[in-house]
Amino acid sequence: MIILFFLSSGLFLGWSLGANDAANVFGTAVGSRMIKFGTAATICGLFVILGAVVSGAGAAHTLGKLGSINMLAGAFTVAFSAAVTVLLMTKASLPVSTSQAIVGAIIGWNFFSNTPTDYSVLTQIAGTWFLCPVLAMVFAFLLYLITRSTLKKTKTHLLTLDYYTRFGLVIMGAFGSYSLGANNIGNVMGVFIPSSPFTDLNIAGLDFSSTQQLFLIGGIAIAIGVYTYSKRVMLTVGSSIFELTPINALIVITSSSLVLFLFASRGLYNWFVSVGIPPIPLVPVSSSQAVVGAILGIGVAKGAKNVNFSILGKISIGWVSTPVIAAIISFIALFFMQNVFQNQVYQ
Amino acid sequence: MKLFGKSKALIAEIDSYHRVIQQSGLLFYEAIREYLEGKLDLFEDRVIQIKKVEIEADKLRRDIKHKLYSYLLIPESRGDVLALLETLDDVVDMTHKVSKNFSIENPIIPESLKREFLLMAEHTKNAIESLVEACNAYFTNNCAVNDHINKVFFYETEIDMIEERIKRAVFKTDEIDKFSRQVHVRYFAEKMANLSDVAENICDRLSVFVIKRKI
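Chain order of the listed sequences is A and B. Just so you know, numbering that gives the first Met the number 0 puts 341 at position 342 of the first sequence, and the rest follows in order with no gaps. Just so you know, numbering that gives the first Met the number 0 puts 65 at position 66 of the second sequence, and the rest follows in order with no gaps.
Source of the hints: derived by calculation from the structure; they are not laboratory data. Hints are not guaranteed to be accurate.
Heads up, simulated SDA-like pairs for lysine to any residue below, C-alpha to C-alpha not over 20 Å straight-line [to be verified]:
| hint | chain 1 | residue 1 | chain 2 | residue 2 |
| --- | --- | --- | --- | --- |
| 1 | A | 35 | B | 3 |
| 2 | A | 35 | B | 193 |
| 3 | A | 304 | B | 143 |
| 4 | B | 5 | A | 156 |
| 5 | B | 213 | A | 146 |
| 6 | B | 213 | A | 150 |
| 7 | A | 151 | B | 5 |
| 8 | B | 7 | A | 167 |
| 9 | B | 211 | A | 146 |
| 10 | A | 151 | B | 212 |
| 11 | A | 152 | B | 5 |
| 12 | B | 7 | A | 163 |
| 13 | B | 5 | A | 301 |
| 14 | A | 35 | B | 70 |
| 15 | B | 99 | B | 193 |
| 16 | B | 213 | A | 300 |
| 17 | B | 64 | A | 151 |
| 18 | A | 301 | B | 213 |
| 19 | B | 5 | A | 159 |
Small disclaimer: the values here were computed from a predicted structure and weren't measured.
The shape of chain A in the complex, shown without the other chains (with noise of 0.2 Å):
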């Protein structure tokens, strides 16, 4: 019971990010009702889980390295700072990510411990906030420029274009649930693996470490997150916040899920470093931000004059922003709980 206590703040950001960022994923092909909301649903779920449970290890592992932390009340009062910052800075409309949260919360605990923050990784994960949206902008521009003119020679008839486009957005979405699983759960569960209550199983002769039963927990809240609460969320995206034509849908969840993909897939990884490419680095980014990425996108290879460039110069504050307010409530609440609530939150 107070395993799963110390766990819930992490279940929490789970959960909100499940009900926020599924959005991303499937928002337009819900909201302009190309498929339906049970589909998606469904859909996001099941891959957020299997991405979280397969896939999830890298990103969360950076995060490790970032700050080990060690004591389960400590991790729980990470993820607690990383919940308020997300909801404070949302509830005053600044953009904020998850990811930037928790990065921030695990500074204000390695301050609070007297441990060393790794600045090479550190900057390092900085980086990689800077590079998804461009690199999200850049796949949305080629990817956009490639349908156009395979649109313009194949002649395809509206109707056959509206079924490829339904097909295309469940089986993005899937990539894009899945991608978001591998990506995030380390921002959900990462800071609870060093003190992970779990053993490593093996069952049907298949190992099932303690860290992926913590990603399947984590998985789990995403998943009730997005049945619970992402419908509404999904309907604003669709219809009002960018109103997006269904093809254009398809590229920017396409280009944003590769991006999610680029930053969590250790496969990928291996096979940059074994060709002697420089790696991308495994590192929780922002969904939100690589969509926003990936719609500017379209707009520079539209041509269009009016693209607002200023959306990228507000996300940029987030960057130093988010960080910076989630090590210092994370501080302060490491501080309560050890001295008023008399928790152990480092060793």
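Following the hints, position chain B against chain A.
Below, chain B without anything else, positioned relative to chain A:
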């Protein structure tokens, strides 16, 4: 896969609908030609044929509408497609209405104006053909729609000029002695010109739909 089959069936129905619209233009031209040549029996057969085409167009339109909504197809452009199909139906209705009026009222077209009336019918047929090509392009090749629309605009302008020539000539000619008959001929010139106006209006809407469909 089920949806793919339904999409295919609907594509076939939309193609049939376009063919029916085009057919109404061809039949209209033949009907007017036969009327002007005085082959009234053949003309009456054409009017019956146009009526059948009109009934078929109505049936296809209702069926397409039902399928688009039942299977939730093309949600983002469904409204535009339905508006397009509804207004295309006006073309068939008009060809039937005008040819039926010829059949009921038997206007006496002066010999000197028959050529102009025939030319008007020919341009109307061409305008309907270009309109159908524009609609086909809307579904398959968005970039080519404006080329066909421009042709419709061209024929509509030509028809307006012919209409004016007929109106001026009919009140000057000695071939018609009664004012009422002069007005009658003018009325038919106007009704025939209205057909290309309908085609022009559809093209105006279509040009907006094309912009909306650009990815």
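Comparing the hints with the structure gives:
For a cut-off of 20 Å, the pair hint linking residue 35/A to residue 3/B stands: about 17 Å separates their Cα positions. About 44 Å separates the Cα atoms of residue 35/A and residue 193/B, which puts this hinted pair outside 20 Å; it is violated. In summary, the hint linking residue 304/A to residue 143/B is not supported, as the alpha carbons are separated by about 25 Å, beyond the 20 Å threshold. A threshold of 20 Å between alpha carbons decides the hint, and for residue 5/B with residue 156/A the separation of about 13 Å falls inside it, so the pair holds.
For the given pair, residue 213/B sits about 12 Å from residue 146/A by alpha-carbon distance, which is consistent with the 20 Å threshold. For a cut-off of 20 Å, the pair hint linking residue 213/B to residue 150/A stands: about 11 Å separates their Cα positions. Distance check on the hinted pair: residue 151/A and residue 5/B sit about 24 Å apart at the alpha-carbon level, beyond 20 Å; violated. For the hint linking residue 7/B to residue 167/A, the alpha-carbon distance of about 18 Å falls within 20 Å, and the restraint holds.
Proposed proximity of residue 211/B and residue 146/A is supported: the alpha carbons are some 17 Å apart, at most 20 Å. With a C-alpha separation of about 13 Å, the suggested pair residue 151/A and residue 212/B falls inside the 20 Å cut-off, and the hint holds. Proximity of residue 152/A to residue 5/B is assessed by CA-CA distance (about 24 Å); at most 20 Å being required, the pair is judged violated. Of the pairs offered as hints, the one joining residue 7/B and residue 163/A holds, with about 12 Å between alpha carbons and a cut-off of 20 Å not exceeded.
For the hint pairing residue 5/B with residue 301/A, the CA-to-CA distance comes to about 33 Å; that exceeds 20 Å, so the pair is violated. For a cut-off of 20 Å, the pair hint linking residue 35/A to residue 70/B stands: about 12 Å separates their Cα positions. Only pairs whose Cα atoms come within 20 Å are accepted, and residue 99/B paired with residue 193/B is accepted, the gap being roughly 15 Å. Straight-line distance between C-alpha atoms of residue 213/B and residue 300/A comes to about 13 Å, which keeps the hinted pair within the 20 Å bound.
For the proposed pair residue 64/B and residue 151/A, the alpha carbon gap of about 27 Å is over 20 Å, so the pair is violated. Under the criterion of a C-alpha separation no larger than 20 Å, the hint pairing residue 301/A with residue 213/B is consistent with the structure, at around 10 Å. For the suggested pair residue 5/B and residue 159/A, the alpha carbons sit about 10 Å apart, so the restraint of at most 20 Å is met.
Checked against the numbered hints listed earlier, the structure breaks hints 2, 3, 7, 11, 13 and 17; every other hint is satisfied.
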